[in-house]
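For the record, the sequence lines run as chains P and E.
Residue numbering for the first sequence is 1 to 102, as defined by the working numbering.
Residue numbering for the second sequence is 1 to 213, as defined by the working numbering.
Hints may contain errors.
As the list claims (entries may be wrong) - Here are some, though not all, of the chain P residues that point toward chain E, as calculated from beta-carbon distances under 10 Å:
#1 L5
#2 Q7
#3 L11
#4 L14
#5 A22
#6 T25
#7 E31
#8 K69
#9 G70
#10 S80
#11 T81
#12 E82
Unchecked claim - The list that follows gives simulated cross-link-like pairs (lysine to aspartate or glutamate, DMTMM-like), each with its CA atoms no further than 20 Å apart:
#13 P:K66 <-> E:E41
#14 E:K76 <-> P:E57
#15 P:K69 <-> E:E88
#16 E:K76 <-> E:E173
#17 P:K95 <-> E:E88
#18 E:K10 <-> P:D12
#19 P:K95 <-> E:E9
#20 P:K46 <-> P:D12
Claimed, not checked - Now the in silico label distances, taken between C-beta atoms and shown as ranges:
#21 P:E31 <-> E:E202: 24 to 32 Å
#22 P:R13 <-> E:A67: 29 to 37 Å
#23 P:Q84 <-> E:E202: 31 to 39 Å
#24 P:E31 <-> E:S138: 20 to 28 Å
#25 E:T142 <-> P:S100: 35 to 43 Å
In short, the hints are calculated from the structure, not lab data.
Every residue, glycine too, gets a C-beta built ideally from N, C-alpha and C.
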Amino acid sequence: MGADLRQLSELDRLIHEPARLAVVTILSMVESADFLYLQRETGLTKGNLSAHLSKLEAAGYVTIEKVFKGRIPLTICRLSTEGQRALTQYRQQLKQFLASTT
Amino acid sequence: MQTDVGQIEKAVRRYWYEDGIAEVVGGGTFIILGMYFALQEYLGGDSLLTGILQASMVLLFIGGAIAARWLISTLKTRFTYARTGYVEYRQPRRSPQMRAAIAFGLGMVLAASAAILVRVFGSPDLIVAISGVLFGASLVATAGRTSGLVRFYVLGALSVALGVLLAFAGLPEGYALGLLYGLIGVAALASGAWTLRRYLHENPVAAEVGDGG
Chain P
1 MGADLRQLSE LDRLIHEPAR LAVVTILSMV ESADFLYLQR ETGLTKGNLS
51 AHLSKLEAAG YVTIEKVFKG RIPLTICRLS TEGQRALTQY RQQLKQFLAS
101 TT
Chain E
1 MQTDVGQIEK AVRRYWYEDG IAEVVGGGTF IILGMYFALQ EYLGGDSLLT
51 GILQASMVLL FIGGAIAARW LISTLKTRFT YARTGYVEYR QPRRSPQMRA
101 AIAFGLGMVL AASAAILVRV FGSPDLIVAI SGVLFGASLV ATAGRTSGLV
151 RFYVLGALSV ALGVLLAFAG LPEGYALGLL YGLIGVAALA SGAWTLRRYL
201 HENPVAAEVG DGG
């Protein structure tokens with residue numbers, strides 16, 4: 001396998017999946033966002049989004065917390081420092097790969 | 001599903017303005033500011049109340065900004081979060097004291113700039129034109145550029161046009177400034193109210209609010 005292709009295979013697959021990439025991108029731009037907002041912006045079903053968030057939480061990329069804002073129950077999601085680092089690294093790797101193939 | 005990262009980033013930035021609440025509150029604040037300037041003109045320069053009003057300008061700006069922020073947060077909790085979700089945007093990492101000092105400093109710089117402009121150019125009307133142009137430009141540069149929403153460009157253009165028109169209207173300074181802020185406020189309020197009405201119509205409250213995580 002060439003160096004370029006090897007670079008591609010080293011991409012973080014947890015982030016590379018489109019739905020999770022969308023979730024992580026949104027969370028990287030804000031302090032926190034709730035489940036409803038993430039569902040609306042990504043267009044995923046509740047079950048699907050829940051499954052993706054669980055994987056990201058298990059990897060330590062996202063923290064999930066249930067809180068009340070006024071009388072409204074919210075499931076608040078935050079990108080952890082590790083998640084932020086993983087996203088930055090993913091972007092760099094992808095950029096390098098694209099630069100080397102053009 | 002949305003997978004275009006650029007579009008996702010744009011949508012996140014636009015979300016703050018999607019319900020029109022910020023414009024409604026901002027518009028209301030501007031109407032109060034307009035009344036403040038017009039009241040000063042109405043009372044005349046020698047009145048004690050005018051002196052108090054002028055002295056409290058910086059406090060009014062800081063207090064207005066804090067009150068507007070609280071009101072936006074309260075209204076968003078009431079109308080937005082249950083419908084389309086909650087987002088907490090990143091704040092600059094500054095202490096409350098530092099923020100107050102920056103706001104105070106900005107207020108002083110603005111007041112001093114206005115006084116210098118009047119002294120140098122000798123025409124108070126220039127302040128009205130500059131206020132309109134500066135506000136219009138800052139609206140386009142901040143809300144317009146961040147959100148990409150056309151209504152902010154329209155409001156920005158309206159602010160510039162009103163500033164220039166009122167500068168040549170031959171009104172006393174306080175009334176011209178009051179009218180400028182008041183009319184911008186009414187336009188923002190109307191635009192925000194129309195946006196909020198459409199937002200509420202298009203986004204009924206979710207059956208199971210925020211649940212599922």
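Here is how each hint holds up against the structure:
no. : hint                          : result
1   : L5                            : violated, 23 Å
2   : Q7                            : violated, 19 Å
3   : L11                           : violated, 15 Å
4   : L14                           : violated, 16 Å
5   : A22                           : holds, 6 Å
6   : T25                           : holds, 5 Å
7   : E31                           : holds, 4 Å
8   : K69                           : holds, 6 Å
9   : G70                           : holds, 5 Å
10  : S80                           : violated, 15 Å
11  : T81                           : violated, 14 Å
12  : E82                           : violated, 18 Å
13  : P:K66 <-> E:E41               : violated, 53 Å
14  : E:K76 <-> P:E57               : violated, 28 Å
15  : P:K69 <-> E:E88               : holds, 12 Å
16  : E:K76 <-> E:E173              : violated, 36 Å
17  : P:K95 <-> E:E88               : violated, 29 Å
18  : E:K10 <-> P:D12               : violated, 24 Å
19  : P:K95 <-> E:E9                : holds, 18 Å
20  : P:K46 <-> P:D12               : violated, 24 Å
21  : P:E31 <-> E:E202: 24 to 32 Å  : holds, 26 Å
22  : P:R13 <-> E:A67: 29 to 37 Å   : violated, 49 Å
23  : P:Q84 <-> E:E202: 31 to 39 Å  : holds, 33 Å
24  : P:E31 <-> E:S138: 20 to 28 Å  : holds, 24 Å
25  : E:T142 <-> P:S100: 35 to 43 Å : holds, 38 Å
Hint violations for this structure: numbers 1, 2, 3, 4, 10, 11, 12, 13, 14, 16, 17, 18, 20, 22, all remaining hints satisfied.
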